[in-house]
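**Q** For reference, the chains in residue letters:
2 protein chains.
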Amino acid sequence: MWVKDRLAAYAALTADYLRDRFGRRLREAGTPETLIAPMEYSLLGGGKRLRPALCLAFAELHGLPPGKVLPFAAAFELIHTYSLIHDDLPAMDDDDLRRGRPSCHKAYGEAQAILAGDALLTEAFGVMAETAPAVPEKAVLTALAEAAFAAGSAGMVGGQMLDMDYTGASGVSLAQVAAMQAKKTGALIRAACVCGAILAECAPQDVDRAALYGQSLGAAFQIADDILDVVGDETAIGKPVGSDQAMGKNTFPSLAGLPQSREMALAEADTAVRAVADHDGEAARFLRELARYVVDRVS
Amino acid sequence: MWVKDRLAAYAALTADYLRDRFGRRLREAGTPETLIAPMEYSLLGGGKRLRPALCLAFAELHGLPPGKVLPFAAAFELIHTYSLIHDDLPAMDDDDLRRGRPSCHKAYGEAQAILAGDALLTEAFGVMAETAPAVPEKAVLTALAEAAFAAGSAGMVGGQMLDMDYTGASGVSLAQVAAMQAKKTGALIRAACVCGAILAECAPQDVDRAALYGQSLGAAFQIADDILDVVGDETAIGKPVGSDQAMGKNTFPSLAGLPQSREMALAEADTAVRAVADHDGEAARFLRELARYVVDRVS
Chain R
14 MWVKDRLAAY AALTADYLRD RFGRRLREAG TPETLIAPME YSLLGGGKRL RPALCLAFAE
74 LHGLPPGKVL PFAAAFELIH TYSLIHDDLP AMDDDDLRRG RPSCHKAYGE AQAILAGDAL
134 LTEAFGVMAE TAPAVPEKAV LTALAEAAFA AGSAGMVGGQ MLDMDYTGAS GVSLAQVAAM
194 QAKKTGALIR AACVCGAILA ECAPQDVDRA ALYGQSLGAA FQIADDILDV VGDETAIGKP
254 VGSDQAMGKN TFPSLAGLPQ SREMALAEAD TAVRAVADHD GEAARFLREL ARYVVDRVS
Chain A
14 MWVKDRLAAY AALTADYLRD RFGRRLREAG TPETLIAPME YSLLGGGKRL RPALCLAFAE
74 LHGLPPGKVL PFAAAFELIH TYSLIHDDLP AMDDDDLRRG RPSCHKAYGE AQAILAGDAL
134 LTEAFGVMAE TAPAVPEKAV LTALAEAAFA AGSAGMVGGQ MLDMDYTGAS GVSLAQVAAM
194 QAKKTGALIR AACVCGAILA ECAPQDVDRA ALYGQSLGAA FQIADDILDV VGDETAIGKP
254 VGSDQAMGKN TFPSLAGLPQ SREMALAEAD TAVRAVADHD GEAARFLREL ARYVVDRVS
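Heads up: the protein sequence lines correspond to chains R and A, in order.
Offset between the first sequence (1-based) and our numbering: plus 13.
Offset between the second sequence (1-based) and our numbering: plus 13.
So that you can see chain R by itself, here it is in the shape it has in the complex:
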């Protein structure tokens, strides 16, 4: 399947960067081995590397080759990985499993997991800053500010806070869940797309289209994820089925039902496809087929 191969090719670029250049960076800087171990355990333990792929594809769509943007793209995986480590902590979602293996704090203990997350988040911004001068400083700073906003208190971290607030709460509306998910998962996916476009120094209306693609894909992805938590295969999703319900999470399926959730996911995917309809080439094809692929898993 072409889109899966293409996603795997982007993922291989990212994984190579993380294992080789980022690993060397950590060691040459004098990072303690007791910190490198939990960082690499979580970072190199698989994953689709979706966010870097989006950043690379949007840069490519606007003429910037992957080599110039790879560190910045990989920084999204550093941020995503830190968020998974912290979300799994006992004080948060208390998940023992992640991608079919013990979560970071189960493997290394809580202190090391907290610090590994802190370190991955911090390194992400260092890596981003070093995208210059291969990419002009102004574009790098604009993209970095966008990434920080998306990952920060009004984005991903704020979304996780709302998720905790809403868990087990009654009277939470579908609109509230949608807004929470737009922060928790959507903001970083959107930023990966937007930053690819910004780093390629494309026109403002193209940055807007990248944003529209990203937020629609993010919503489609999250609704599909919620659906898979109800009807999915434990081996495929790497965690127990029904864990959202067991934790009292308010999700799209729990509030709108499965059929309507599927409709919403399909509508979001359509919007994403339309946002990049005007482009030719392999990056555009990838982005369109990816949006279809995300919802094909649940339709």
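I should point out that these hints are in silico values taken from the structure, not numbers from a laboratory.
Just so you know, even glycine gets a beta-carbon here, dropped at the ideal spot from N, CA and C.
Heads up, a few of these hints could be off.
[To be verified] Not the full set, but computed from the structure, chain A residues with beta-carbon under 8 Å of chain R:
1) 43
2) 102
3) 120
4) 124
5) 138
6) 142
7) 143
8) 154
9) 162
10) 167
Following the hints, put chain A in place on chain R, whose structure we already have.
**A** Below, chain A alone, put in the same frame as chain R:
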């Protein structure tokens, strides 16, 4: 006392920024109130605002007015505050008190404390990025990379990891403790100085002098802190005396004794003073007197 007044004046600038502009920034972005509360509890709960003062003073020393560098300087306080919140967590140093009040997780719970720390760290880089274009993009990116390195896996977070590794361990040498402290406390203090100089676009040798000042002041400060943990006044230091020993921490006093620790602190302060000896003006006077003041507390 002139140096205390001057430090208080810098601290007031920083506190105003954090309370007004940063607070407004959080609210306008749509940060959940449940996240703003623990962020502001820790951020606005006092503190000397030492790191921002160093950044402001080094910028001023090289001709850049505080107004242009204040957001970047305040970002060091965001990073410092996040590190205190995470260090106090039960899985880490398990401190119930901070600056004479309940620590963040005692006041808000662990999940909110972890997320407040994550958010403060992330926002710090967003704030730094927005120092441009008042300061040229290239200088901002160079300074941001410096700050990320200092706060990251080979700097502050790595130092905290080593501190945990060494706590209760036997056979830890004075050189190991010094290297650990240089990462845990020294790196961010050094970076605050270096970034002030970089943002003012001063000559490379002046950046080197800022680094020398910062690392010497950081060492003097940390040794003095260790000494105060043994002989200090609980009200003044805001936590119980003897807590290092109670936790089995290897410190300068525990490994070298009090008299030799005092000698080392004085020698570091002398180095710091010499690093800025060639400059005139109030910023230079502040930096020299600050180095003396840090060790006056223990001599």
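**Q** Determine for every hint whether it applies to the structure shown.
**A** Hints and how they fare:
Among the interface hints, the one on residue 43 of chain A holds; its C-beta lies about 5 Å from the nearest C-beta in chain R, closer than the 8 Å criterion. Hint on residue 102 of chain A holds. Least Cβ distance to chain R is approximately 7 Å, under the 8 Å limit. Hint status for residue 120 of chain A relative to chain R: violated, with the closest Cβ pair at about 14 Å, above 8 Å. The interface hint given for residue 124 of chain A holds, since its Cβ lies 5 Å from the closest Cβ of chain R, which is under the 8 Å cut-off.
Hint on residue 138 of chain A holds. Least Cβ distance to chain R is approximately 4 Å, under the 8 Å limit. At its closest, the beta carbon of residue 142 of chain A sits 4 Å from a beta carbon of chain R; the interface hint therefore holds under the 8 Å criterion. At its closest, the beta carbon of residue 143 of chain A sits 6 Å from a beta carbon of chain R; the interface hint therefore holds under the 8 Å criterion. With its C-beta approaching chain R no nearer than about 5 Å, residue 154 of chain A sits inside the 8 Å limit, and its interface hint holds.
Proximity of residue 162 of chain A to chain R holds as hinted, the smallest CB-CB distance being about 6 Å (cut-off 8 Å). Because the closest C-beta pair between residue 167 of chain A and chain R is about 4 Å apart, less than 8 Å, the hint holds.
In summary, the one numbered hint that this structure violates is 3.
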